[in-house]
Every structure is written in structure tokens, then in C-alpha cells.
Amino acid sequence: MPNPALTEAVYYILLSLMQPMHGYGIMQNVEALSGGRVRLAAGTLYGALSTLLERGWITALPGPKDNRKKEYQITPAGRDAVEGELLRLRELLDNGTKIMEENR
Amino acid sequence: MRTTIKKVFWAWEFEKEEVWLNEMAAKGLCLVSVGFCRYEFEDCQPGEYGIRIELLEHKPNHPESVKYLEFLEGTGAEQVGSWMKWVYFRKKKADGAFELFSDNPTRIKHLSRVMHLLLVLGLLNLLVGAYNLVLCFAWDSALSAIGTVNIILGIFAMVGYAKLRKKRSRLKEEQQLFE
Numbered sequence: 001m002p003n004p005a006l007t008e009a010v011y012y013i014l015l016s017l018m019q020p021m022h023g024y025g026i027m028q029n030v031e032a033l034s035g036g037r038v039r040l041a042a043g044t045l046y047g048a049l050s051t052l053l054e055r056g057w058i059t060a061l062p063g064p065k066d067n068r069k070k071e072y073q074i075t076p077a078g079r080d081a082v083e084g085e086l087l088r089l090r091e092l093l094d095n096g097t098k099i100m101e102e103n104r
Numbered sequence: 001m002r003t004t005i006k007k008v009f010w011a012w013e014f015e016k017e018e019v020w021l022n023e024m025a026a027k028g029l030c031l032v033s034v035g036f037c038r039y040e041f042e043d044c045q046p047g048e049y050g051i052r053i054e055l056l057e058h059k060p061n062h063p064e065s066v067k068y069l070e071f072l073e074g075t076g077a078e079q080v081g082s083w084m085k086w087v088y089f090r091k092k093k094a095d096g097a098f099e100l101f102s103d104n105p106t107r108i109k110h111l112s113r114v115m116h117l118l119l120v121l122g123l124l125n126l127l128v129g130a131y132n133l134v135l136c137f138a139w140d141s142a143l144s145a146i147g148t149v150n151i152i153l154g155i156f157a158m159v160g161y162a163k164l165r166k167k168r169s170r171l172k173e174e175q176q177l178f179e
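Just so you know, the protein sequences line up as chains A and B, in that order.
Using my numbering, read the first sequence as starting at 1 and increasing by one per residue.
Using my numbering, read the second sequence as starting at 1 and increasing by one per residue.
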């Protein structure tokens, strides 16, 4: 069964983590990527990162044990999840565009 | 200069408490320490900081909490004080709007945590209150005063619980339409 829809936050976190990044870096990157539309709050981000770590979609990089500077990166399983999401988004967009065009 | 203000906020009023603390910060009084119904402020630039409150899952010195608090610190949210499992944060407004939660699932999770606390405190007070009232007839009439206080506190906590529950349902309803 294909993965269910990713949340916007998870989608952008995974995209950010194609490069190693720490928490604050992710917050800034997501805000920049979405043109200021998506603003991740630190508490929400922490929960999402914990769940993604448990799922094995991201990994914490070895390095400073300091949680303030801990860096994360996407795993192959995480990349698969993004690829699956891209297919799903494409389907949504194609269907939406087609049906709305026909009914304009 | 330090300013100490005594003020009572019930647990279900934590958002009201946040609003008040942010109003103080906007006036140039920044929270630096908290205690039981006691707030200490220091002078700062008006509007320099935003304030947020969170009820943690564990005590602030628990390893899980320490990990979380360090992570928050890395994002610019500085812990200014705590009381029991309640933690108070401030963050420079220049670093952007300060929120702890940016989606409904995490807001709902936090509300549920506060509701759970109220339910436990409420039921405990009602139970102890009822017990004291029963005992006061059988044994010592002084217990009737304590029992009545327990019952009143218990009712307060349950009313607070109901208020937050209503708020939580609204968030859950929203979630059916929006992420």
C-alpha cells in the first residue's frame, strides 16, 4: 500500500534534510523554501523529528552530543517517502487542473 | 530593576497568562523567574521578547525534558523559569514570531496534557472533599471547612477541564478540513 499523505511540515523537513541541518536551520530553510508561508514552531518540529527518527526516515549525525547543535539528515527510506509523495502530489495536481479546466 | 508581581492564573488559563506576560514584555518588563503565583520581571527593551508557556510531559530535569529544552534553546527559545511541569520561555522577537506549536495535532496534544492534569486534580479534590465532609459529621467539624474548599477547587478544575475540552473540539473540527 502506498504511504498516506505526508503533512506539509514533514514534507518540507524531509526536503530540507537532503543536506545535514540542525533544528534551527530546518526552521529557517522551510520558511525560505515556502516563501514565508510555512513557519515551523520549535515544539512541533521537535515532535516531527522524533517521529521521523523512529521511522528511520532521517538519522541524527554523529558529532556534538549537544542537542542544541545536533544535525540530522535524510535516509534512503526517507527519500522513498518523498518520491512517493511527489507521485501523489502530481496526481492531485493533474486531476485538479484537468477537472477545473473542463468546468471553467 | 526587578519587579515582583503576585497574580493568580488557574491551569486552564495558561493562554490568558501568556497574553498577560506578553503584554508585560511589550511594556518593557521581561519575565526572569516564576514561582507559585509569583512572577519576577526585569527591565528590557519594550517588545524585545515574546513569551510562551508549556506544560511538559515530564519534570524539567527529566532526561527527556532536558533533551527537549536543549533543542528549543538551539532555536532561540530561552527558558526563563519553571514551576512544577510548567516551563516559561522567551525568544527575541527579532528572530521572528515566537510559537511553540505550529499545527493543530501538536496544539491538541498540549491541550490534552493540561486537561489530563485538571481531570486528575479535579477528581482528587472532589474525592478528598467528599471524604472530609463525611468525616466531619462523624469526627471533627473543622474538617467541613477543608472539605468545602476541596469540593470548590474540584468543581473549578472540572469547569476548567470543560472549557479546554470545548476548545479542543473546535481544533479537532478544523482538522477535518485543514491540515
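A hint or two may mislead.
Stated by the list, open to error - Computed footprint of chain B on chain A; a stretch qualifies when at least three of its residues, placed anywhere within it, have a C-beta under 8 Å from a C-beta of chain B: (1) 39-51; (2) 64-75.
To be verified - Pairwise CB distance ranges (calculated): (3) A:R79 - B:K92: 27 to 37 Å; (4) A:P62 - B:R165: 36 to 46 Å; (5) B:E179 - A:D94: 12 to 22 Å; (6) A:E91 - B:L55: 32 to 42 Å.
Calculated from the structure, these hints are not laboratory results.
Just so we're clear, the structure is a prediction, and the values are computed from it rather than from any experiment.
Every residue, glycine too, gets a C-beta built ideally from N, C-alpha and C.
Verification of the hints:
no.	hint	result
1	39-51	holds (count 9)
2	64-75	holds (count 5)
3	A:R79 - B:K92: 27 to 37 Å	holds, 35 Å
4	A:P62 - B:R165: 36 to 46 Å	holds, 44 Å
5	B:E179 - A:D94: 12 to 22 Å	holds, 20 Å
6	A:E91 - B:L55: 32 to 42 Å	holds, 41 Å
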